[in-house]
Amino acid sequence: KQEVTQIPAALSVPEGENLVLNCSFTDSAIYNLQWFRQDPGKGLTSLLLIQSSQREQTSGRLNASLDKSSGRSTLYIAASQPGDSATYLCAVYSGGSNYKLTFGKGTLLTVNP
Amino acid sequence: KAGVTQTPRYLIKTRGQQVTLSCSPISGHRSVSWYQQTPGQGLQFLFEYFSETQRNKGNFPGRFSGRQFSNSRSEMNVSTLELGDSALYLCASSPRSGVAGELFFGEGSRLTVL
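Same order as they appear, the protein sequences are chains A and B. Here the first sequence is numbered in the working numbering, starting from 12 and rising by one per residue. Here the second sequence is numbered in the working numbering, starting from 11 and rising by one per residue.
This is chain B alone, in the form it adopts within the complex (with noise of 0.2 Å):
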């Protein structure tokens, strides 16, 4: 069974401009959150989708927006791009909604903002 599959694996954007993230959940899952890493902050929480609807919204400003499509793949964007935005982004699918569920990470993508 393929594993959670996140792309691009490595970016680098310049201030000002926007990324679009890919993350592809296991089979059957219908549950994609999205986590942020950074060496200060550690792993914070962004967002969770679950049957295209957006179901819990972690502490992120408006810049930070995503959607899942009927396949349960889902997308992160981040417009306007900050310094601070430079941080490996990572995806979790889980076949339950919410708090029941167990997570299940992919490899994350790497972003870094010049």
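In isolation and in its complexed conformation, chain A is listed as follows (with noise of 0.2 Å):
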């Protein structure tokens, strides 16, 4: 059974500051895996997709790895603001025929002016 573990789980900084979030999971035979942020109250927003075989992904100040054998990914966000203040999850798709999309429980990420 696919587990997710985001640490940590709550992150608070000043702004400006340069920071990684971390996501492991215990089944490397992944599809692909998604970051994605939320808002208080709101629904999910996708940040980056990377499939199993590449290794990295960026969008503008954001940067997401991935390393399928041992089971990591992060997600680095560069000169945050405090805009970036959000949950952050990350979610990876496994289980063969029968997939699912199992997600973490989440970074709250803080980012003070």
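Hints listed in this document are in silico derivations from the structure and should not be mistaken for laboratory results. Ideal Cβ placement from N, Cα and C applies to all residues, glycine included. Incorrect hints may have been included.
Stated by the list, open to error - Not close to chain A: a few residues of chain B, all C-beta gaps over 10 Å, as computed:
#1 18
#2 21
#3 25
#4 27
#5 36
#6 37
#7 60
#8 63
#9 74
#10 75
#11 77
#12 96
What the hints assert, rightly or not - Now the in silico label distances, taken between C-beta atoms and shown as ranges:
#13 124(B) / 31(A): 37 to 45 Å
#14 38(A) / 72(B): 20 to 28 Å
#15 39(A) / 17(B): 38 to 46 Å
#16 72(B) / 16(A): 25 to 33 Å
#17 28(A) / 27(B): 47 to 55 Å
#18 94(B) / 20(A): 18 to 26 Å
#19 96(B) / 121(A): 23 to 31 Å
#20 87(B) / 14(A): 27 to 35 Å
#21 93(B) / 14(A): 23 to 31 Å
#22 71(B) / 14(A): 20 to 28 Å
#23 80(A) / 27(B): 45 to 53 Å
Said to hold, decoys possible - For lysine to aspartate or glutamate, the following EDC-like pairs were computed, each having C-alpha atoms within a straight-line distance of at most 20 Å:
#24 67(B) / 95(B)
#25 53(A) / 112(B)
#26 53(A) / 95(A)
#27 116(A) / 117(B)
#28 116(A) / 50(A)
#29 79(A) / 38(A)
#30 23(B) / 95(B)
#31 79(A) / 67(A)
#32 67(B) / 14(A)
#33 23(B) / 92(B)
#34 116(A) / 38(A)
#35 53(A) / 95(B)
#36 12(A) / 38(A)
#37 79(A) / 14(A)
#38 79(A) / 112(B)
#39 53(A) / 117(B)
#40 116(A) / 95(B)
Mind docking these for me? Both chains are given alone in their own frames, and the hints should help you get the complex.
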């Protein structure tokens, strides 16, 4: 059974700081990994999708890496801004023909002005 | 391009009742999947529909069901509501079925069961 863990559960940083969010998964036989952002009371916004054959993806100030063999992914946020404050979730597709998307519990990020 | 639309956004029901939630995907998207989000369990996969067929199902009891219409709109139904069904129900649409497509989520339907 796939399990996804995100560390830390919460993180508070001053504006302008570079930061790293971590995601680990127990079954390395994944199809892809996706990072999402969720604002309070809202749905999820897709940030980056990394296919299993890829090592990283970049979008603006965000960079996500994937090390499938070790079961790890990191989301790097450069020059953080107060508007980056949200919960960040990672999710992996796995399970063969009975595939499903398994989510971590998320990291609550607060960027202080 | 309009995003994923979920209705209703908020609803309150009592134990034993049933509820139907609706999801309209992004135009052109044929895959709709549903998720339950609770503080204790986090986000859990319910089921996925593609071209009116259920493609996959999570580990939820039979009280949870869904369907998809020819215009790709989807509904999910929960019968005989329990207190533990209180949650944010999210749907996501994708241009492709299964693992290949990027997911686009709606704002969710928040269900409270009293």
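Evaluated hints:
The Cβ of residue 18(B) lies farther than 10 Å from every Cβ of chain A, with a closest approach of about 14 Å, so its non-interface assignment holds. Residue 21(B), annotated as away from the interface, keeps every beta carbon of chain A farther than 10 Å; the closest lies near 15 Å. Against chain A, the non-interface label of residue 25(B) holds: every CB pair exceeds 10 Å, the least being about 24 Å. Against chain A, the non-interface label of residue 27(B) holds: every CB pair exceeds 10 Å, the least being about 24 Å.
Non-interface status of residue 36(B) relative to chain A is upheld: no Cβ of that chain comes within 10 Å, the nearest being about 12 Å off. Remark: the non-interface label on residue 37(B) is consistent with the geometry, its nearest Cβ contact in chain A lying 17 Å away (cut-off 10 Å). Taking the minimum C-beta to C-beta distance to chain A, about 12 Å, the non-interface status of residue 60(B) holds against the 10 Å cut. No beta-carbon of chain A comes within 10 Å of the beta-carbon of residue 63(B); the shortest separation is about 15 Å.
With a minimum CB-CB distance of about 14 Å to chain A, residue 74(B) clears the 10 Å threshold, and the non-interface call stands. Under the 10 Å C-beta cut-off, the non-interface status given to residue 75(B) relative to chain A holds; the minimum distance is some 17 Å. Once the 10 Å rule is applied to beta carbons, residue 77(B) is consistent with being away from chain A; the minimum gap is 19 Å. Against the 10 Å criterion, residue 96(B) stays outside the reach of chain A, whose nearest CB is about 15 Å from its own CB.
Evaluation of the 37 to 45 Å hint for residue 124(B) and residue 31(A) yields a pass: the beta carbon distance comes to about 42 Å. Between residue 38(A) and residue 72(B) the CB atoms are about 27 Å apart, so this pair conforms to the stated range of 20 to 28 Å. Checked against the given bound of 38 to 46 Å, the beta carbons of residue 39(A) and residue 17(B), roughly 39 Å apart, stay inside it. Separated by about 30 Å at the C-beta atoms, residue 72(B) and residue 16(A) satisfy the suggested range of 25 to 33 Å.
As the Cβ distance of residue 28(A) to residue 27(B) is approximately 48 Å, the hint placing it in 47 to 55 Å holds. Against the hinted window of 18 to 26 Å, the Cβ-Cβ separation of residue 94(B) and residue 20(A) comes to about 23 Å, which satisfies the hint. Distance hint for residue 96(B) and residue 121(A): a CB-CB separation of about 26 Å, consistent with the stated range 23 to 31 Å. At roughly 29 Å, the beta-carbon separation of residue 87(B) and residue 14(A) lies within the given 27 to 35 Å, and the hint holds.
For residue 93(B) and residue 14(A), the hinted distance range of 23 to 31 Å is satisfied, since their beta carbons lie about 26 Å from each other. Between residue 71(B) and residue 14(A) the beta carbons are some 22 Å apart, a value that agrees with the proposed interval 20 to 28 Å. Remark: the range hint 45 to 53 Å for residue 80(A) to residue 27(B) is upheld by a beta-carbon distance near 49 Å. With a C-alpha separation of about 17 Å, the suggested pairing of residue 67(B) with residue 95(B) holds against the 20 Å cut-off.
Among the hinted pairs, residue 53(A) with residue 112(B) is consistent with the structure: their alpha-carbon atoms are about 18 Å apart, no more than 20 Å. Of the pairs offered as hints, the one joining residue 53(A) and residue 95(A) holds, with about 15 Å between alpha carbons and a cut-off of 20 Å not exceeded. For the hint linking residue 116(A) to residue 117(B), the alpha-carbon distance of about 18 Å falls within 20 Å, and the restraint holds. At most 20 Å may separate the alpha-carbon atoms for a hinted pair to count; residue 116(A) and residue 50(A) meet this at roughly 14 Å.
With a C-alpha separation of about 9 Å, the suggested pairing of residue 79(A) with residue 38(A) holds against the 20 Å cut-off. At most 20 Å may separate the alpha-carbon atoms for a hinted pair to count; residue 23(B) and residue 95(B) meet this at roughly 10 Å. Of the pairs offered as hints, the one joining residue 79(A) and residue 67(A) holds, with about 11 Å between alpha carbons and a cut-off of 20 Å not exceeded. Among the hinted pairs, residue 67(B) with residue 14(A) is consistent with the structure: their alpha-carbon atoms are about 17 Å apart, no more than 20 Å.
A hinted pair counts as satisfied when its Cα atoms are at most 20 Å apart, and residue 23(B) with residue 92(B) qualifies at roughly 10 Å. With a CA separation close to 17 Å, the supplied pair residue 116(A) and residue 38(A) stays within the 20 Å bound. For the proposed pair residue 53(A) and residue 95(B), the alpha carbon gap of about 19 Å is at most 20 Å, so the pair holds. Simply put, residue 12(A) and residue 38(A) have alpha-carbon atoms about 8 Å apart, close enough for the 20 Å limit, and the pair holds.
With a CA separation close to 14 Å, the supplied pair residue 79(A) and residue 14(A) stays within the 20 Å bound. Distance check on the hinted pair: residue 79(A) and residue 112(B) sit about 19 Å apart at the alpha-carbon level, within 20 Å; holds. Proximity of residue 53(A) to residue 117(B) is assessed by CA-CA distance (about 5 Å); at most 20 Å being required, the pair is judged to hold. Restraint check for residue 116(A) and residue 95(B): satisfied, since their Cα atoms lie roughly 18 Å apart, inside the 20 Å limit.
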